[in-house]
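There are 2 protein chains.
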Amino acid sequence: MKTTALYGSVQDDLGKVEQIFDSIKQVDYGPLGAMLDIVLSGGGKLLRPALVLLSGRIGNYNLDLLVRLAASVELLHTATLVHDDVMDEADTRRGRPTVNSVYNNSTTVMLGDYLFAHAADEVAKTDNIRAIRLFSQTLKVMAQGEIRQDIAAYDSRQTIRDYLQRIGGKTASLFATACEGGAVVSDAPETWIEGMREYGYNFGMAFQIVDDILDFTGDEADLGKPAGSDLLQGTLTLPSFLLMENQPAANPIQAYLGDRSSQRLDEAIQAVRSSEVLDDSHQMARDFCDRAIESLTPLDDTADRQTMIDLANYILERKS
Amino acid sequence: MKTTALYGSVQDDLGKVEQIFDSIKQVDYGPLGAMLDIVLSGGGKLLRPALVLLSGRIGNYNLDLLVRLAASVELLHTATLVHDDVMDEADTRRGRPTVNSVYNNSTTVMLGDYLFAHAADEVAKTDNIRAIRLFSQTLKVMAQGEIRQDIAAYDSRQTIRDYLQRIGGKTASLFATACEGGAVVSDAPETWIEGMREYGYNFGMAFQIVDDILDFTGDEADLGKPAGSDLLQGTLTLPSFLLMENQPAANPIQAYLGDRSSQRLDEAIQAVRSSEVLDDSHQMARDFCDRAIESLTPLDDTADRQTMIDLANYILERKS
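Chains as they are written, first to last, in our numbering: chain A, 935 to 1254; chain B, 935 to 1254.
Same shape as in the complex, but just chain A (with noise of 0.2 Å):
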C-alpha cells in the first residue's frame, strides 16, 4: 500500500501544508535559506499533518486553520529531529545529509529555535488559545522526554514502565496534539475531542515501537542509518528491555553496556534479532494500535474513520 493513498480524503489538502513550508523557505538570507531547504524538503510522509487534517475532518473542516496547525506541528517535529542530530552527531537523515554535517552545531541548534518559532508562529495563526496551549504544553512535555532518554543513557537500572513514560513524552505526545488540537480548531464534541487525543497518543506509542523494533531489523538502506543506532548511543528500547527482563542473569545488552565494544554490540544486535523479543514488542505495538482504533469507536462511522483505522494498522506493518 503506497502511503500517498493512506490518508484518504485528506490526501490532496497535503499540498497545502507543504506551501507552509515552501513559503517559509523564502528568506533573504541565503546560508538561512539553503539550511531551510534541507530540512524542510526532505521527503517526509507527512504522517502528523495527515493526522491533523483527518481528526478535523470529525468537526467543521475549516482547512485554512487547519493546515496553520498542521504544518506546526510538522515543524515541531523537523525542530526536534535538527536538535535530536546534533545531539546524535548523525551524518545523515532519510539517507541525505544533515544539517550539522554541513554546517557546524552552533548554528545548527539554532536552525532548531528558528524552526520552533516558525512552529509557534504557525499554531498562533489558528487565533485558537487552547490550540496554542496544546502546543506549548506538548513542547514541554518533548524535551522532558528527551532528557530522560539523554539521562538515562547506558543505564540498566531503567525499566520498561521508564520507557514507556519515555516515549510517551518524546513522540506519543506530539501524535496526541496532532489529533486532539485538529478536532479542537474544528470545533468537535469534547467526547470526540477525547477520543481523538487518545487515538493519537496510542497511536504515537505503537509507531515508537515500531521504530524500536525498525532500529534492530531493517537494514541501512531502509532506515537511512545503521541498525542497531540506538543502542550504539546508549538509548535502551523495548527489545532490550524484553531481552534483560527475559535473561535477567547476564545477558548481550547488560554485557554491552558494561564494555560497549563493537563486538559486544554486534553480540546484542543478533542476541535480539535471533529471540522472540521482537515478536513481544511487536505485540505490544499491536496493543497499542488496538486501543487506538477502540478510541475511535464513539465517532460516526465515516470514511475517515476508516481511513484512521487503515492507518493505524498500516504504520504497524511498515518497513522504514
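In short, the hints are calculated from the structure, not lab data.
A couple of the hints might just be wrong.
Examples of chain B residues lying across from chain A (beta carbon under 7 Å, computed) [to be verified]:
id	residue
1	P965
2	L966
3	H1017
4	T1041
5	Y1048
6	A1051
7	D1055
8	R1067
9	A1077
10	I1081
11	I1085
Beta carbons are placed, not taken as given, at the ideal position from N, Cα and C, and that holds for glycine.
Starting from the known structure of chain A, fit chain B onto it as the hints suggest.
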C-alpha cells in the same frame, strides 16, 4: 545607583515573576529540577521583566497578565543563553557554572527547548493573540540574528551595518517585544504602543553596544567571563569594526583573524583599549539611548516615564 532602586513603581511586583520561576522549578524529575535550579536562580537583574511591567503601567496595569508576559520574556532570554553557552562551550556565566559544564551538551540543548516551551506557555496564558504572535516573531528574529553571527564568525568582510542588523535581531528585538508586549497587554493606545516598541528597540541596541564595549574593558570578576571573549570566538563587535575602519590598510583585528594566536588576540585587545574606538562606540550607544528616551515623548509625564528615562541612562553607564 542600585538596580533595586531603578525599577520604580514595579520593583516589588517583580517578586511575582520570581514566583513563576519558583513554580517552574518544582518538577517530579530530579535531574531536570537540578538543571532548572542552575538557570532560574542565577540572580539576573530581571531587566526585561521590569521593562514589561513598566510598559504595562502606561495602560490598564493588569498584573496577573503582565507577570505572565514578563516571565515569558525572561524565559525566552534564558533559553537563548542556555543555547549560547552550549555553542560557546562556556564554563561559567555571571561567575557561576553553566549547565553545559555540569551536564552534557545534548541534555543542555534539550533544557533550552524545555525553557522555550515554558516561555511559550506563559505568553499563551495572557490569552492575547497579539502578544503571542509578537513572541513567535521575536524568536524567529533572534534565532536568525544568532545564525548570522555564527556564520559571520572570523569574517572581516562584514560591515557596521551587518553588525547593527545582527544585534538588532539577537538582542534589541526582545527588548522591543518586552516593551511593545507590555503596552499591548495593557490595551494602551496604538501610538503609545509604537512609542514603547521604539523605546525598547533603541534601549536594546544601546544595551548590546555597552555589552560589547564591556567585553573589551571589563575585568573577569565583573563580567563573569574573560575579557576579549567575543574576539576569541570570532565575533566582531562595534569597537573592532571602528578600528578596522580607522586603519583600513593593516590593523591588529585583521592580523588576529588571519592567525588567531593568543598573542595576536592580546595585541588586538590592547589596540582597541588604547584607541578612541571605545569612546566612539560609547557615543553610538548614547545616540541609541537618546532615541529611546525621545520615543517616550508622546507619553504622559509620569513617575513611570521618568523611571524609563533613568533606566536608559543607567544602562549606558553600567560596568557589568
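Chain A contact restraint for Y1048/B - C-beta distance below 7 Å: Holds, because the Cβ-Cβ distance from Y1048/B to chain A comes to roughly 4 Å (cut-off 7 Å).
Supplied contact hint for A1077/B, tested at 7 Å Cβ to chain A: 4 Å, holds
Hint check, P965/B versus chain A [nearest Cβ-Cβ separation less than 7 Å]: Holds, because the Cβ-Cβ distance from P965/B to chain A comes to roughly 5 Å (cut-off 7 Å).
H1017/B as an interface hint toward chain A, with CB separation required under 7 Å: 5 Å, holds
Per-residue hint verdict: T1041/B, partner chain A, C-beta under 7 Å: 5 Å, holds
Chain A contact restraint for I1085/B - C-beta distance below 7 Å: Hint holds; I1085/B Cβ to chain A Cβ min 5 Å, cut 7 Å.
Supplied contact hint for D1055/B, tested at 7 Å Cβ to chain A: Because about 4 Å separates D1055/B from the closest Cβ in chain A, which is inside the 7 Å limit, the hint holds.
Restraint satisfaction for I1081/B [CB to CB of chain A, less than 7 Å]: Status holds, d = 5 Å.
Hinted contact L966/B with chain A - closest CB pair below 7 Å: OK, holds: L966/B within 7 Å of chain A, min 6 Å.
Satisfaction of the A1051/B interface hint, Cβ to chain A closer than 7 Å: 4 Å, holds
Minimum beta-carbon distance criterion (7 Å), R1067/B to chain A: 5 Å, holds
Of the numbered hints stated above, none is contradicted by the structure.
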